[in-house]
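Engineer: Start from the sequences and build out the full structure, keeping to the hints where you can.
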Amino acid sequence: MQTPAPVDYVRATSVADALSLLQQHGDEARLLAGGHSLLPMMKLRLARPEILVDINDLDELRGIRIDGNEIVVGAMVTHAEILNSPILFEHYPIFREAEKVIADPIVRNKGTMGGSMCQADPAEDLSAVGAALRGTVVIQNAEGRRTVAMREFHEGPYETKVADGEILVEVRYPILPGSGSAYEKVERRSGDWAVCAAGACVTISGGVFSSVGIGIGAVNAEHFTAVDAEAFLVGKEPTAENIATAAQMAADSCDPSADQRGPADYKKHLAMELTKRALTRAAAAAKGA
Amino acid sequence: MEISMKINGAEVTHDVEPRTLLVHFVRENAGLRGTHWGCDTSNCGACVLWVDGTPTKSCTMLAASAAGHDITTVEGLEKDGKLDPIQQGFIECHGLQCGFCTPGMLMTGRWILDNNPKPSEEEIREGISGQLCRCTGYKNIVDSIHWAADHPAENEVSA
Ligand SMILES: Cc1cc2nc3c(=O)[nH]c(=O)nc-3n(C[C@H](O)[C@H](O)[C@@H](O)COP(=O)(O)OP(=O)(O)OC[C@H]3O[C@@H](n4cnc5c(N)ncnc54)[C@H](O)[C@@H]3O)c2cc1C
Ligand code: FES
Ligand code: FES
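Protein chains in written order, with the numbering used here: chain V, 1 to 289; chain X, 290 to 448.
Everything labelled a hint here was simulated from the structure, so no lab data went into it.
Glycine included, C-beta positions come from ideal geometry on N, C-alpha and C.
Some hints could be false.
Okay, derived cross-link-like pairs now, DSS-like style, lysine-lysine, Cα gap no bigger than 30 Å in a straight line [to be verified]:
(1) V:Lys-100 - X:Lys-428
(2) V:Lys-100 - X:Lys-371
(3) X:Lys-428 - X:Lys-371
What follows is a set of in silico ranges between Cβ atoms, one per label pair, in the way DEER data are often shown [unchecked claim]:
(4) V:Gly-288 - X:Glu-412: 31 to 39 Å
(5) V:Glu-50 - X:Ala-299: 31 to 39 Å
(6) V:Ile-66 - X:Gly-426: 39 to 47 Å
(7) X:Thr-302 - V:Gly-156: 42 to 50 Å
(8) X:Thr-302 - V:Glu-50: 20 to 28 Å
(9) X:Gly-298 - V:Ile-175: 43 to 51 Å
(10) X:Pro-406 - V:Arg-48: 44 to 52 Å
(11) V:Ser-210 - X:Glu-412: 33 to 41 Å
(12) V:Ala-47 - X:Glu-412: 42 to 50 Å
Structural biologist: What follows is the structure in structure tokens.
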């Protein structure tokens with residue numbers, strides 16, 4: 001039987017309360033969101049916090065809303081809520097496409113935006129989506145709030161800009177009117193982590209790409225994206241040939257390692273193929289295409 | 290720490306370690322063995338119960354986090370001595386063999402129908418995709434959930 005090692009537990013009553021609990025207990029404390037990454041790691045002794053600060057009562061971290069020209073997703077919004085959000089679907093169908101293939105319906109009832117971001121698994125699907133959409137992450141500590149671009153958020157596998165004593169409070173996505181977006185993922189079986197995944201979000205005006213966002217997961221793409229491929233496409237027509245060239249550039253910039261999910265050359269091939277498919281569908285969905 | 294929660298409508302209070310998982314609280318402390326405990330890794334779904342009406346893998350939730358919430362287990366499906374149609378469906382369509390996956394399948398099946406009274410086969414298969422059955426090949430489970438969809442009021446059989 002797998003059980004976490006002995007640990008203390010406290011429920012935060014507000015973000016301010018959670019921050020003061022974190023400060024009080026230093027690096028021995030861990031926030032508990034959906035628990036669907038943290039509890040498995042505690043069972044395996046890969047994480048050994050002394051105290052868990054449960055943030056499930058913090059309604060201030062819930063909700064999906066529009067604020068000016070951004071969509072704001074609270075840290076405690078679940079995968080299921082993202083999947084079913086009309087606001088996100090209207091502006092960014094990429095969320096629904098990605099969420100449909102994140103874990104399974106029951107896990108999606110518990111796993112959260114904030115937990116996914118902070119777990120920072122190299123195959124985290126919402127990280128690839130966030131990179132494609134050029135989101136920003138809002139982090140709060142005792143001094144106040146600061147904003148970090150999604151594309152600067154990850155320090156490496158399982159490491160982010162969120163330091164001890166800090167809470168990720170929300171993620172913001174700029175709204176791009178008329179954009180098209182899409183997500184593609186290959187997994188070994190239903191509900192599994194990606195062997196490789198790619199997302200795209202583009203706008204087209206005057207018959208050429210006016211903005212291009214690419215997100216790539218699970219194949220060691222720097223900051224979950226491919227900036228050279230993006231730059232190549234801007235100002236070019238959305239032809240099959242241009243998209244194929246960009247997809248190959250994107251794949252060339254990835255550095256996957258072989259593991260039980262497949263050999264490196266296969267993953268590189270997937271990065272090319274899935275980027276191509278995501279870009280093609282996103283371009284077709286963009287207004288003015 | 291002392292933890293209280295409602296399980297199938299009854300208040301349950303026990304003094305447990307904070308690390309206690311909800312599945313063990315329900316089985317060992319509350320003595321309700323209907324909820325099964327399988328993989329321990331949030332993959333198999335044998336441990337699915339409802340927290341405030343939402344299916345949850347109880348091997349991956351602390352009992353402490355469930356304190357103050359409403360838990361429904363497979364024992365709570367039957368009402369006034371009458372089986373829920375989802376339970377009846379598994380009888381009618383032979384939806385189980387060894388029965389290990391069944392409590393989780395029943396809780397998710399009921400939830401699927403509560404949100405979507407006439408699901409397609411694909412919607413049912415997607416709905417139970419986080420749950421493993423090593424016996425049936427799923428066909429009869431899908432049929433059982435369909436049977437319940439077709440007989441929403443058919444809970445006339447005594448439990
Ligand atoms: C069976 C299974 C399959 C899965 N498949 C996929 C998949 O296909 N694709 C995918 O992307 N993910 C997948 N996941 C991962 C799932 O998306 C994550 O578990 C994720 O949702 C973590 O969120 P959580 O709320 O459970 O976080 P928790 O486990 O509660 O927390 C994870 C980490 O983040 C920290 N944390 C949480 N919230 C905050 C916050 N607001 N501020 C600062 N730190 C915080 C915690 O302290 C902890 O270190 C899968 C998980 C399971 C169990
Ligand atoms: S025991 Fe909980 S999912 Fe298998
Ligand atoms: S009936 Fe045996 S596991 Fe499903």
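Engineer: Does each hint fit the structure? Answer for all of them.
Structural biologist: Each hint tested on the structure:
1. V:Lys-100 - X:Lys-428: This hinted pair holds, its Cα atoms lying about 22 Å apart.
2. V:Lys-100 - X:Lys-371: Between Lys-100 of chain V and Lys-371 of chain X the Cα gap is close to 35 Å, so the pair fails against 30 Å, i.e. violated.
3. X:Lys-428 - X:Lys-371: holds (25 Å)
4. V:Gly-288 - X:Glu-412: 31 to 39 Å: For Glu-412 of chain X against Gly-288 of chain V, whose Cβ atoms are near 35 Å apart, the range 31 to 39 Å holds.
5. V:Glu-50 - X:Ala-299: 31 to 39 Å: Holds - the Cβ-Cβ distance for Glu-50 of chain V and Ala-299 of chain X, about 34 Å, lies within 31 to 39 Å.
6. V:Ile-66 - X:Gly-426: 39 to 47 Å: Given about 46 Å between the Cβ atoms, the range holds.
7. X:Thr-302 - V:Gly-156: 42 to 50 Å: holds (45 Å)
8. X:Thr-302 - V:Glu-50: 20 to 28 Å: holds (26 Å)
9. X:Gly-298 - V:Ile-175: 43 to 51 Å: For Gly-298 of chain X and Ile-175 of chain V the Cβ distance comes to about 45 Å; the hint holds.
10. X:Pro-406 - V:Arg-48: 44 to 52 Å: holds (46 Å)
11. V:Ser-210 - X:Glu-412: 33 to 41 Å: 38 Å Cβ-Cβ, so the 33 to 41 Å window holds.
12. V:Ala-47 - X:Glu-412: 42 to 50 Å: violated (36 Å)
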